[in-house]
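Student: Line by line, the protein sequences give chains A and B. Residue 27 is where the first sequence starts when you use the working numbering, and the numbers rise one by one after that. Residue 27 is where the second sequence starts when you use the working numbering, and the numbers rise one by one after that.
Hints should not be assumed to be uniformly reliable.
[What the hints assert, rightly or not] List time: in silico DSS-like cross-link candidates among lysine-lysine, alpha-carbon distance up to 27 Å: (1) B:283 / A:458; (2) A:438 / B:57; (3) B:416 / A:57.
Hint data in this document are derived by calculation from the structure and do not stem from the laboratory.
There are 2 protein chains.
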Amino acid sequence: MALNKQPYRGTRDFFPKDKRVRDYLFSVMTKTAESFGYESYDGPLLEEVELYKAKSGEELINEQIYSFTDRGERFVAIRPEMTPTVARMVSQIHRESSKPLRWFSIPNLMRYEKPQRGRVREHWQFNCDVFGAPGRLGEMEILQIAVELFQNYGANCSHFEILLNDRAIVDTVFKLMMKATEEQTYRLYKIVDKAKKITKEALEKMVGEVGLSKDSENIFYSYLQLNSFADVVSFLTTNGHGGISEAFNNFITLTEKAHINEYLKYDPTIVRGLDYYTGIVFEIFDKHPDNRRALCGGGAFANLLQIFNEEPLAGVGLGLGDVTLRDFLEVHNLLPNFDIPKNDVLITFQEDDGLVAALILAQSMRKNNLKIVTSLEALKFKKVFPIAEKKGVRFVTLMGSEELAKNQIQLKNLNTKEQHTLDLNDLEAILKIIKA
Amino acid sequence: MALNKQPYRGTRDFFPKDKRVRDYLFSVMTKTAESFGYESYDGPLLEEVELYKAKSGEELINEQIYSFTDRGERFVAIRPEMTPTVARMVSQIHRESSKPLRWFSIPNLMRYEKPQRGRVREHWQFNCDVFGAPGRLGEMEILQIAVELFQNYGANCSHFEILLNDRAIVDTVFKLMMKATEEQTYRLYKIVDKAKKITKEALEKMVGEVGLSKDSENIFYSYLQLNSFADVVSFLTTNGHGGISEAFNNFITLTEKAHINEYLKYDPTIVRGLDYYTGIVFEIFDKHPDNRRALCGGGAFANLLQIFNEEPLAGVGLGLGDVTLRDFLEVHNLLPNFDIPKNDVLITFQEDDGLVAALILAQSMRKNNLKIVTSLEALKFKKVFPIAEKKGVRFVTLMGSEELAKNQIQLKNLNTKEQHTLDLNDLEAILKIIKA
């Protein structure tokens with residue numbers, strides 16, 4: 027029986043055209059991160075499952091992880107995310123490193139998902155983290171990176187927005203203002219996470235089951251109405267939490283000075299699950315009505331190294347997947363066309379005995395940093411140009427019997443249609459035209 | 027209990043310095059492949075185990091593969107090699123594609139190995155394949171790529187050699203000259219594979235057990251003595267196989283004309299196992315006495331698409347792992363130093379209220395394609411230069427109280443030690459000096 031030609035469910039074959047798109051996505055990520063002085067790192071494809079158990083929610087471990095026992099009885103998983111790995115790596119070296127540490131990576135990750143639009147089993151994720159930045163400047167820098175990244179893809183505030191919250195504010199509202207217990211706070215986080223997706227009745231039913239006082243419930247509903255940075259600042263100040271209000275206001279003022287505030291919008295429902303965040307949390311949303319979804323998420327955390335018995339080290343990070351990013355760029359017509367590769371010269375010969383001359387010409391051109399496609403057999407003149415087009419070359423060389431007899435080539439510029447007859451051995455003259 | 031900080035056995039953490047080395051290795055692979063017009067592709071991390079069973083030897087499947095059953099009862103494996111994936115992908119599109127198809131990739135692969143020098147569980151492998159090239163020109167081109175790749179790392183024929191054989195020759199010797207049956211041929215391949223590693227006595231014992239005639243045994247020993255292209259050509263001609271001898275001789279003549287023959291050496295023991303090869307087979311060997319090992323292997327194959335019920339499509343490929351390559355470059359002192367990153371400017375301020383000016387200056391510089399490291403807190407003058415050195419910048423900017431009062435910066439070139447006092451808002455003047 028013949029084998030299946032299709033890739034494993036939820037994974038993708040990257041044929042050259044798709045690979046060029048991916049390379050473009052990654053090159054903009056790399057360029058942006060490096061423009062902020064971030065250094066590239068990578069970790070292993072497999073980690074011990076203990077690492078994810080210590081850091082992540084149970085859902086991820088139980089249902090979404092690719093885990094198995096290796097031949098040495100180690101219980102391992104294909105990495106579903108990069109944060110535990112970067113925490114493990116930072117825990118090895120942070121004592122001797124000068125701060126802040128600025129790192130980025132673009133690993134392939136696997137989650138056992140039900141494949142659907144924007145969701146696959148294998149994807150790549152841009153991860154950018156800063157560790158040990160003073161005050162709130164790490165939070166500031168990660169937001170700047172997010173904005174510049176999208177700008178570098180050609181997007182602006184008509185295309186995306188950053189919905190922002192601060193876990194310190196959420197904790198203040200729940201624990202201090204509403205006097206919620208640990209267990210009630212846990213349930214409130216779950217409710218907030220869902221608040222936008224459910225009806226008013228369902229929301230009220232869930233809130234009623236938490237067992238809060240009527241006053242606390244009212245505070246909760248007021249909180250969910252907060253709609254701007256001014257709103258939340260005045261809400262906190264009015265309720266006697268001027269300290270945290272001022273700290274947040276100072277942060278927002280700084281984002282104005284750095285010209286990124288036009289992308290930012292306060293959103294009380296952004297909490298990033300029950301995760302390890304302790305400071306700002308954010309999600310970047312596509313504004314296009316056909317693709318209204320989160321593209322990127324991140325936030326600030328204080329205790330990620332705790333699981334390695336290391337001192338607290340403040341960090342801020344973001345993660346951006348390649349699938350949702352590509353959908354975003356496509357829906358806004360921001361993705362350049364990568365149908366055709368980019369090469370410099372197609373070298374052809376029209377008589378069989380031109381082969382060796384063609385091979386040698388190709389070799390000397392490659393030594394001069396040109397991308398050369400060599401025809402490996404004699405090509406009729408009329409076949410040359412369709413191939414040249416498919417290969418995306420700027421020039422073709424031709425060698426018919428006349429040229430071969432005189433040791434010459436025809437060099438044709440496909441944009442200008444200019445054609446030169448040149449000595450086959452006069453590499454300098456040939457290169458001068460190609461590199462002009 | 028605190029978690030383990032070390033990576034999973036046989037895998038590597040790529041801290042920024044190691045990641046820069048890896049990026050360099052990959053960039054030379056990419057540059058070389060693209061200089062031949064090869065297009066980058068990638069496939070999934072997981073494939074169904076059936077795919078490897080159909081193509082590879084049993085040892086790989088039984089002992090060396092990371093396989094497991096997924097939650098949907100599919101028996102899958104983390105890719106241990108790329109060839110089955112590329113064959114699967116080519117089988118989908120080869121009918122509509124113009125030939126030759128020239129593809130390359132640099133995937134991460136996993137094998138369950140006992141970690142030792144040059145051998146790890148997760149490694150990256152440069153794969154380069156050409157499909158549907160006429161005659162022997164695919165074999166020629168893959169050898170050219172191998173040579174140019176190593177030359178692009180700065181290596182020459184004092185550093186490496188390519189040991190070459192032709193499976194068509196081996197088959198002629200075993201099946202036609204020695205009259206070996208299929209089963210005897212299978213055993214002879216296994217013996218040849220080991221011939222260099224065992225004693226003369228052990229070799230003779232193994233050959234004796236194959237059950238060949240004395241004449242055939244003698245032919246076998248004469249074959250193992252062949253030591254040059256001239257040797258093998260005359261051996262075949264003398265024994266009445268002038269056709270295959272001439273074809274091989276023509277191929278070698280072509281490698282001379284393309285200036286790659288100085289790297290090539292005939293070796294009768296190179297057969298690349300029992301694999302799917304049908305034409306030339308080769309291994310690139312390090313010539314350094316401390317690292318005498320194979321760095322890269324490849325060859326020509328005819329029937330890789332058969333397992334998908336597709337017509338035969340001739341292919342030639344090579345594979346080169348990152349671990350042995352790095353060892354090779356290090357032992358020959360060919361690896362550049364990547365201890366320090368490369369950045370353009372370190373932006374500093376010496377008084378707290380310089381922060382906003384620094385953030386804005388950094389932002390405008392990044393828009394001009396510069397790699398900017400921003401200090402996020404006031405830095406004393408004497409602390410600036412040690413940090414500048416660690417970050418590998420070419421320039422630093424300084425803003426003390428005097429500069430802040432006048433809205434100026436000091437821009438210092440760390441190579442020439444030249445220092446300019448410039449208006450903070452005169453970006454053009456600043457960029458002119460940095461980009462000079």
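Student: Hint check: residue 438 (chain A) vs residue 57 (chain B), CA-CA at most 27 Å. Holds or violated?
Tutor: 24 Å, holds
Student: Measure nothing beyond the straight line between the CA atoms of residue 283 (chain B) and residue 458 (chain A); if it is 27 Å or shorter, mark the hint as holding.
Tutor: 26 Å, holds
Student: Tell me if the straight-line CA distance from residue 416 (chain B) to residue 57 (chain A) falls inside 27 Å.
Tutor: 20 Å, holds
The structure meets every hint from the earlier list without exception.
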